[in-house]
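Q: These are the residues of each chain, in order.
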Amino acid sequence: MSYDPIRDKLERRETVILDGAIGTEILRRNVTWEDHQLANRPEFVRGIHEDYIRAGANVLSTNSFQLCRRAFSNHFRDDAHRHHIGATDLDTRADKLLAASVKLALEARARAKASHPVAVAAAVTTLEWCFRPDLAPTAEQARQEYREIFQVVKDAGADLVLLETVNSITEARVGLEVLRELGLPCWVGFVCDEQGKLFTGETLAQAVGTLEPLGVEAILVNCAPPDDITAGMKQLAPHARVPIGGYAHIGRFDPPEWMFTDEYPPVRYREVAAAWKQMGARILGGCCGTTPDHIAALGALR
Amino acid sequence: MLEALRTRLQNRQPVLLDGPMGSELVRRGVRWRKHGLLTDADKVEQLHAEYLSAGADVLRTNTFQLNPRIYLNVFRNREHMRHIGAPSLEGLTPKLLRTSVEVARRARSKAGKDAQVAVAGVLSPLEHCFRPDLAPAAEAARREHEEQARVFAEAGVDFLLLESMNTIAEAKAALAAGRAAGLPVWVSFLLGPEGELLSREPLERAVKEAEQGGAEAVLVNCAPPQDVTRAVGKLAKLTSLPFGGFAHLGRFSPPSWKFEFFPQFVESESWPPSRYTDEARRWREAGATILGACCGAAPDHIAALRGWLGSNGRSRA
Chain A
1 MSYDPIRDKL
11 ERRETVILDG
21 AIGTEILRRN
31 VTWEDHQLAN
41 RPEFVRGIHE
51 DYIRAGANVL
61 STNSFQLCRR
71 AFSNHFRDDA
81 HRHHIGATDL
91 DTRADKLLAA
101 SVKLALEARA
111 RAKASHPVAV
121 AAAVTTLEWC
131 FRPDLAPTAE
141 QARQEYREIF
151 QVVKDAGADL
161 VLLETVNSIT
171 EARVGLEVLR
181 ELGLPCWVGF
191 VCDEQGKLFT
201 GETLAQAVGT
211 LEPLGVEAIL
221 VNCAPPDDIT
231 AGMKQLAPHA
241 RVPIGGYAHI
251 GRFDPPEWMF
261 TDEYPPVRYR
271 EVAAAWKQMG
281 ARILGGCCGT
291 TPDHIAALGA
301 LR
Chain B
1001 MLEALRTRLQ
1011 NRQPVLLDGP
1021 MGSELVRRGV
1031 RWRKHGLLTD
1041 ADKVEQLHAE
1051 YLSAGADVLR
1061 TNTFQLNPRI
1071 YLNVFRNREH
1081 MRHIGAPSLE
1091 GLTPKLLRTS
1101 VEVARRARSK
1111 AGKDAQVAVA
1121 GVLSPLEHCF
1131 RPDLAPAAEA
1141 ARREHEEQAR
1151 VFAEAGVDFL
1161 LLESMNTIAE
1171 AKAALAAGRA
1181 AGLPVWVSFL
1191 LGPEGELLSR
1201 EPLERAVKEA
1211 EQGGAEAVLV
1221 NCAPPQDVTR
1231 AVGKLAKLTS
1241 LPFGGFAHLG
1251 RFSPPSWKFE
1261 FFPQFVESES
1271 WPPSRYTDEA
1281 RRWREAGATI
1291 LGACCGAAPD
1301 HIAALRGWLG
1311 SNGRSRA
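Respectively, the protein sequence lines represent chains A and B.
The first sequence maps to residues 1 to 302 in the working numbering.
The second sequence maps to residues 1001 to 1317 in the working numbering.
You may find that some hints are simply not true.
[To be verified] In silico lysine-lysine, DSSO-like type, Cα no more than 30 Å apart, as pairs: (1) Lys1258(B) to Lys197(A); (2) Lys1095(B) to Lys1113(B); (3) Lys197(A) to Lys9(A); (4) Lys96(A) to Lys1095(B); (5) Lys154(A) to Lys1258(B); (6) Lys9(A) to Lys113(A); (7) Lys113(A) to Lys277(A); (8) Lys103(A) to Lys1258(B).
Keep in mind the hints are simulated off the structure, nothing from the lab.
One chain only, chain B, in its complex shape:
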């Protein structure tokens, strides 16, 4: 991992993540096909650049829920995909992953922040993030995550962020895959309405497994801000690793036919940057050092968090 980032974490200084890519790109009118990486790479890079200007210490690749399954799932099987699918679908996802890293690294480079900002390769559940019942068996998860992790390693990410992990088994498999690919790994769990993992497995066991698997940080995400507040309070008691969270703002508004996660959130205006910062303040008070924002947020939210944290990393009163 980037030395500057590791030092900050060791010193328990705050690390500021960026905000969401998908929901913000969709809000800006980017047509959601291939994560915009083929048709709108300039807009993806622009958003990374805005998060950098807002003061983010970490850029996350625009790869949430991007893996071969999201394409294969809408066909009868692989043969059917070859029969009626676009020829470009073969080998598509490694290509998109590489592009996502190039775009993030280019934005960082242009901002002159190669030494200060880390690029995190984002891995997420192989099936729909809100459907833990669909999670693949551990062995398949391990194999498929490792394929993705190796692409990220070769493309030059600084570490892996496992986002929105909805079951312990898949988080473990992805963590082992990331380590096998030689990358540091942070694990972030998706919270259900009960305050545990979406699978209803206890956060306590999830944290223990993440620690045993060699995670360098543990987070919670993809839940409303108050839910993150409660979970961060638990993390403080459960782990000695650096921990934190990033909440989604507003309500998930899925599309009318697609299977895979479509990043559209509505009513996000109920969480303007000042209100979000007030909530994140409570995470910091509980001891969290890694803060950011999930779906529904925008660069303004990250700028507001940076304004409160201050540029030297010491929180202002």
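This is chain A alone, in the form it adopts within the complex:
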């Protein structure tokens, strides 16, 4: 399996269904978010992937939101402090969990034996907190860290990378450049505000201008409420030549967890996604708060 059947579908202007949330789905099924449950409950995570395949997803995104070495090292003053009081596996834990996240999605695909094409996208997000572009590392630092992350997911067998909830053009550009070196296809999803702008104030038109010449396969907007995704799609559609798409979160962020609401049941979510399709979106999926039922409902938009 590779990314090719998905690229072919997009080139034929068919709709590609991306999966829904995995982190919030773990919580919704009343399991904690400890270590992404990659170490403790792998069969449970794999089961959610299988549910999304059965719901019709063409692309599985791995359960690896914000999973990187920096996520652990941020909890200490520095290396000396981490080595002094931190768990002894923290230098290697992120890479191991990342590889495990890809392996579980690949296993789910092998077990589900779907009749439709399914690609496994390694979900990688901003190195610092997705809603805080002010915390972003320098481009050079980001390049180094992305290189490590992308090598791990490539070796683990991911078909593409979904660089999602990206909050600045710089971080997207750097990630894309590294992926080109490694020969992995890349989709980029940006988090946008109510005006459809990036959190840095940059525009999606600028993002398109920077990323298309670098070979991005698709540009999406994600991790915002449905109306904001619609606003982003309006900004994106007139400028992009590559396939575009969107996946919204539904409910409310209730840190450290998620508040589920009944504001967007599957049928209503499908209606809003249909509007994105009208605007030109060819990739439709769900972000935090969505479930396999939401993804199944999107099937009518194929």
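Following the hints, position chain B against chain A.
A: Relative to chain A, chain B alone:
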């Protein structure tokens, strides 16, 4: 402060703190959301009750690293929080602080120990306790700590314990805030691997500032037991105030994505109660009168310390 406690300190009799709330609740399987205060208040109260049975003289509120910033920090800004965040986030932390005090006071009351045991409101660094580089400016620290301190004062804590303070500036600001709220304040500093504050500022200057700011006791915490031993030895030479320490046991195992402190410690079994008590014995020998245990410990550790100290406060041989 509770009269019984003040008398003990004046007479240089030992005062036994409780053990950790967060790491022990997590070890017991409590899902770590809103410090368990909304969903698992019964389990929080149960743990307080166990520390009381173990013989603690002080109950600390389950509020470590609980302040508005830990929620605000994961949004772009306040507007974004209102836009995509749960409506309950507005005004959440004062509510949780009040609940934490109610739960501790209820446990004390049920144990019939209102006259003997003090409830300490726990304030800690506003940003991540292990990241002194993120500490807020002094003015913001003073304002935000005072808001918290006033909630604690109204809710009826006996005194404030500033825990795991990682910079002198924030400790000073929080101390002034606590005093402005009319509460006695104990200050405890978080030790770095070098044996000074985590910020690398010298313990000596930190102690001096705490004394000048009107602290009633000075402690060190949130470091391995041997580090506390070394620091307690220094405190003995640096201050005439009552002093002490509480160490963490095992190794900090942070979560895979969250910003704020998540109280999970591993390998804590390398410090069974008997070994911990042997180490704490050295603190007492150095003159410490306030002893307890930090993350990774359990009620058994407090019971072991009580067994050694004896119920009348005179150490057994």
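Q: Evaluate each hint against the coordinates.
A: Hint-by-hint comparison with the structure:
1. With a CA separation close to 25 Å, the supplied pair Lys1258(B) and Lys197(A) stays within the 30 Å bound.
2. A hinted pair counts as satisfied when its Cα atoms are at most 30 Å apart, and Lys1095(B) with Lys1113(B) qualifies at roughly 25 Å.
3. Among the hinted pairs, Lys197(A) with Lys9(A) is consistent with the structure: their alpha-carbon atoms are about 29 Å apart, no more than 30 Å.
4. The straight-line distance between the Cα atoms of Lys96(A) and Lys1095(B) is roughly 39 Å, outside the 30 Å bound, and the hint therefore fails.
5. Of the supplied pair hints, the one linking Lys154(A) and Lys1258(B) holds, its CA atoms being roughly 25 Å apart against a limit of 30 Å.
6. Of the pairs offered as hints, the one joining Lys9(A) and Lys113(A) holds, with about 19 Å between alpha carbons and a cut-off of 30 Å not exceeded.
7. Only pairs whose Cα atoms come within 30 Å are accepted, and Lys113(A) paired with Lys277(A) is accepted, the gap being roughly 28 Å.
8. For a cut-off of 30 Å, the pair hint linking Lys103(A) to Lys1258(B) stands: about 23 Å separates their Cα positions.
Taken one by one, the earlier hints fail for this structure only at number 4.
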